[in-house]
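A.B. asks: Sequence:
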Amino acid sequence: MLVLNREAGEAFSIGDEINLQVLAVHGNQVRLGITAPRQVKIHRAEVYRRIVQRRLEPAGLEEDHPE
Numbered sequence: 000m001l002v003l004n005r006e007a008g009e010a011f012s013i014g015d016e017i018n019l020q021v022l023a024v025h026g027n028q029v030r031l032g033i034t035a036p037r038q039v040k041i042h043r044a045e046v047y048r049r050i051v052q053r054r055l056e057p058a059g060l061e062e063d064h065p066e
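Once you know that position 54 of the sequence shown is 53 in numbering that gives the first Met the number 0, the rest is easy, because the numbers rise by one and skip nothing.
Any given hint might turn out to be false.
Each pair of labels, with its calculated beta carbon distance range [stated by the list, open to error]:
#1 R48 x V2: 30 to 36 Å
#2 V46 x I13: 25 to 31 Å
#3 P57 x V2: 33 to 39 Å
#4 V29 x P57: 31 to 37 Å
#5 R49 x R5: 24 to 30 Å
#6 Q38 x R5: 34 to 40 Å
#7 E9 x L55: 35 to 41 Å
#8 R53 x V24: 31 to 37 Å
Source of the hints: derived by calculation from the structure; they are not laboratory data.
Even for Gly, the Cβ is constructed at its ideal location relative to N, Cα and C.
Produce the entire structure from the sequences given, and follow the hints as far as they go.
C.D. replies: Right under this line is the structure:
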């Protein structure tokens, strides 16, 4: 995992088309702005886990947790 330190107003890029900017930091909450092409799906981790689980349920499969 790459770990970056950024302050409010600073940004970083992923490839040529995805940019993330730290908009604000309040205590333990960070507000991010994300610029990406429309076809790039962006979900919070807990939402994405539910999406994956719903896809696996009809097949009777369980999600792997390598953590």
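A.B. asks: All hints are to be evaluated individually against the structure, with a verdict given for each.
C.D. replies: Hints versus structure:
1. Remark: the range hint 30 to 36 Å for R48 to V2 is contradicted by a beta-carbon distance near 22 Å.
2. Between V46 and I13 the beta carbons are some 19 Å apart, a value that contradicts the proposed interval 25 to 31 Å.
3. Checked against the hint of 33 to 39 Å, the pair P57 and V2 passes, with Cβ atoms roughly 37 Å apart.
4. Range check, V29 to P57: about 36 Å between beta-carbon atoms, so the 31 to 37 Å window is met.
5. Taken as a hint, the range 24 to 30 Å holds for the pair R49 and R5, whose Cβ atoms sit roughly 28 Å apart.
6. For Q38 and R5, the Cβ-Cβ distance of about 26 Å falls outside the hinted range of 34 to 40 Å, so the restraint is violated.
7. Hint check: E9 to L55, Cβ distance near 38 Å, so the stated range 35 to 41 Å holds.
8. In this structure, R53 and V24 meet the distance hint of 31 to 37 Å, their C-beta atoms being roughly 33 Å apart.
In summary, the structure is inconsistent with hints 1, 2 and 6 from the numbered list given earlier, while agreeing with the others.
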